[in-house]
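*Asks:* The chain contents come next:
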Amino acid sequence: MNVKKSPVFILFFILLIPVLSFSQKVGLSGYVKDSATGETLIGASVVIKEKAIGTASNNYGYYTLQVEKGTYDITVSYLGYQTRIIKYTLQGNQTLNISLMPSTVESNEVEITGEKQDKNVTKNEMSKVVLSAEKVKELPALFGEVDVLKTITLLPGIKSGGEGSTGFYVRGGGPDQNLVLLDEAVIYNPSHLLGFFSVFNADAVKNIEVIKGGMPAPYGGRLSSIVNVTMKEGNNQKFQVEGGIGLISSRLMIQGPIKKNKSSFILTARRTYIDVLVQPFLKPKFKGNRYYFYDLNFKANYIINNNNRVFISSYWGDDVFAYKSPDVSAIKFSTGWGNKFVAGRWNHVFNSHLFLNTSVIYNQYELTTQAAFQEARFELFSGLHDWNGKMDFNLSLSPRHKTLFGANYIYHTFTPGIASFKFNGSSASTTATINNQYAHEAALYASDEWDINEKLNVQAGLRYAYFNQVGPYKQEIFNDLGAPTGQYESYAKNQSIKVYQGLEPRLNARYVLTEKSSIKASVNKVNQFLHLATTSGASLPSDLWIPSSRLVRPQIAWQYAAGYFRNFKDNMFETSVEVYYKDMQNQIEFRPGAQLFFNANLEKEVIRGTGKSYGAEFFIRKNKGKLTGWIGYTLSRTTRTFDFGTGPVTYPYRYDRLHDASVVLTYQISKKWNANFVFVYGTGNAITLPFSGIIYNVGVDLTKLQPTFSIIDNYNYEKVNSTRLPAYHRADISFNYKAKAGKNFESFWNFSVYNIYNRANPYFVYAMTDQKTNSVKYKMVYLFPILPSVTYNFKF
Amino acid sequence: MLSKKYLIGSFLVLILALTSCEKDINIKVPEDDGKVVVEAYINNLYPNLNYVLLTQTVNYFNPDFSLKGYANAVVKIGEGKINAPGDTTWKTFTLNPNPILAGFYNNDSLQGKVGYAYKLEIALNNQYFYAYTTIPTVVPIDSLTRQVVNNGTTPRAFFTVHFNEPASIGQNYRVMLRPATDEYFNAWGDVADSNQTFFNDDNSNGVYRHFTYARTFAIGDTIQYYIANMDRTTYNFWDSYVSARQNGGPFATPIQLRSNVKGKNVIGSFSGYAVDHMQLIIKP
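Going line by line, the protein sequences match chains Z and A.
Everything in the first sequence is counted per the working numbering, starting at -13 for the first residue and increasing by one.
Everything in the second sequence is counted per the working numbering, starting at 2 for the first residue and increasing by one.
In short, the hints are calculated from the structure, not lab data.
Predicted model, so just to flag it, every value in this text is computed and none were measured.
Hints are not guaranteed to be accurate.
Stated by the list, open to error - Derived lysine-lysine pairs resembling DSS-like cross-links, with alpha carbons at most 30 Å apart:
#1 A:LYS284 x Z:LYS310
#2 Z:LYS224 x Z:LYS657
#3 Z:LYS408 x Z:LYS460
#4 Z:LYS326 x Z:LYS479
#5 A:LYS284 x Z:LYS318
#6 Z:LYS37 x Z:LYS55
#7 A:LYS263 x Z:LYS705
#8 A:LYS69 x Z:LYS763
#9 Z:LYS726 x Z:LYS246
#10 A:LYS69 x Z:LYS765
#11 A:LYS284 x Z:LYS408
#12 Z:LYS37 x Z:LYS19
#13 A:LYS36 x Z:LYS590
#14 A:LYS265 x Z:LYS705
#15 Z:LYS484 x Z:LYS460
#16 Z:LYS724 x Z:LYS610
#17 Z:LYS590 x A:LYS263
#18 A:LYS265 x Z:LYS590
#19 A:LYS24 x Z:LYS765
#20 A:LYS36 x Z:LYS765
#21 Z:LYS608 x Z:LYS114
#22 Z:LYS690 x A:LYS69
Produce the entire structure from the sequences given, and follow the hints as far as they go.
*Replies:* Structural data, given as structure tokens:
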């Protein structure tokens, strides 16, 4: 091996940069916390103005600064909290934990994020947005169900899949190209009810970070975005109960200290009861249907000492659908699917220069189905299980360098399908199994953020990504027609089947033009080794994640972005313009009509192509005053190029939207009332419609003396996605009323109206043939007309 | 297969019943390319069901929305006795156009034989289309049984077919159920789409199969049951046909039929079936 070219050597070289610039400074470090609850604050600003240096607390609320010995005024601020200035004398490496008091809304003004207000100009990172869960709770929501994933689609560059979908599309990427994390655990299917609601219970959520470009080196594995949702830790000062009663679900949260100042827990639960409420209104033929979903979140932590803290967190959520025939009790059907994870985490402070987070996570997504028809029983199971270990180091040796390095390892087990059938008359059950697949996924990374001078800051990083599909695996060999040949290739346990690896450079740069304006640029490469097997635009529970293999290559994307950032009126207004270009290789589609579920020959159904997306995103946000909010607009184009058997065709991606706009406004009417307004507009989705019909399976119904036949749609693959649905637009409003607070009791009401002008937005379109009049009409199905809702929230 | 379809279908019914509305819209769609559609069959059991139907794709927006048959084609089916790999003796039958039903061609002397290869040739308006199929081995039905359930006052019965899936791989099935008192039927399309299922032995080869229908029948009903075994090419067409027929709703994808008929601007299948039949009268 050529040592100089090895990934480890390059990563080691990056780590040397801050070491070489190390000077005789001392370190100030610690945690920034909420004084009322003990919750750590992510992204709090810690600044020593005399030295013009500063930093922000990391994802665990930890900060570190390097400075010469001396006495300084340390300014600590976080939006929604009172700023503290602490006079502190540093004589050596020292720890300073800082508590901030939450500010009240006495001034009738609200602040909409948890970020310092000039961060968008001064920080290196671009294409990143942070949202607070409290803000998300106030916005109007469908049926009053607060939804984190729907809220992020109000940001420029992030597009909603449309009505009834939590799928989102970031800068031309597919829904499987978003890494959705909850307390660092991957959530493979982040939606309930076929995508109508997301799995995140806002009561359990502390912080939502969305990265749509300029991806930092600690992250990888998905081409388009990172949605990093952090759960609350639990109040370590006093017990609290919070809850909400809504139209279709209710939720409850309990948090409190296990040992005051040392240890705390939080437990949240949510369950829908629409299945109970709608039963009286269902027609008899639908009476046997029952559906609900629930979420449980749990987290606990223990501060061992100032340098060690441990956490355990867990999520458990399921959708359950059951059917029992109202006519024949012997016909039963039930299916359930859901995500679950357990994560253990250890934060360790070596010294004021070095911080380590170590996480071990087990997560799974499973789908089970059972059906019974009298003596026949059918069961089906599929799933994905991960063991995930990661170590993330924060190194701070110089005030001009912030260094991150670490490693990540995941062992994936894919269970595409196990089906068993039992007939009471037979002696044994029949079981059919699609062989499990196994893979090691690993990464090493390092990055250094370097303040080269007061104006220029560069964050250079490198990530080495490795993927190895391994045995045990018995690969059935199929012929060209897709039929099994009866021959197999077998691989022993841990025997390598196919290895993919690559270096992913990540480079972000910021140049400050004036105190209130800067320009930024980024370029990065990402490999994605897992792929979602789906042929539809919706999120189905039966969609399978499949690994890269000999036939299915990893997806690769290069993204280039540049932006101009400018704040006005003492940071009251933030504005930005970002342009981007994204080139995606090894994009995969599945052959139209492919049988994706329970298919041992799934790899042969894959078609490989490329994708491109480019656009400009405009953003203006007002942070202070009675009226706050933002307006986002994206002008973009997204295409895919695939060969469906008639030669390569470049066509608009289904979610290609030339225009995409959103307006989000909050007006603080009084101390008790605020009003929120949301408007969204998007160019209609590109779809493929048939241009003629094929009359087939012709017969005669002798009882009616009429011909019988089916009409099959005939498509032209040279004109994929050549038809546009009508544009999507909608406006929602909500009013929040904060009731008079008692000594130990607070409550607020949320009154929402979804789709206030009753816009009929397309859910899907279908052709209706009328054989009597010999005509065809296109019908558009739309889901949600104007829908009012009310939610009562309480806290004591 | 069953679970996914049922799951999605049930959800859609529930969601759409609760919230959805629909309205007519005008959408500009591409022009029809006027393909020739071939529906051709050869089987071992029913000579009247060996026929070729030649039609044209129908333009959705043409006011004359009706089935157009091609009556002017020259249609031949070659019967090939396979002597050895690469050595086949062919005997050709010319099919006669039906004077009443335009586009329908048959020949009463054409009797399908198990283990034979068949070649379809069509000459139409200076175009030439062809397709190959085979009649593989017959997979016999072992038995048909019913299980009576008493729900309320009227007893009804579930219906199960039992058959021994051969140890050799490569069986592909079209199973058909006809609630009719007699075995005779006019065309393969007489069997309603809801009464037929296509599957193969890829994932469960060589086992004794029980196939219970998820619905009940009245006491006294007569059921005609057919199992047709076919080659993979034919199966691939019908598998895509089922996907295309069930396509619709928000999860629809543009599915193209996997035609086994070769030629320019043609779509369809030449299906060879090895058929077995059994009848069951539902008794109390």
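*Asks:* Among the hints numbered above, which are violated by the structure, and what are their numbers in rising order?
*Replies:* none
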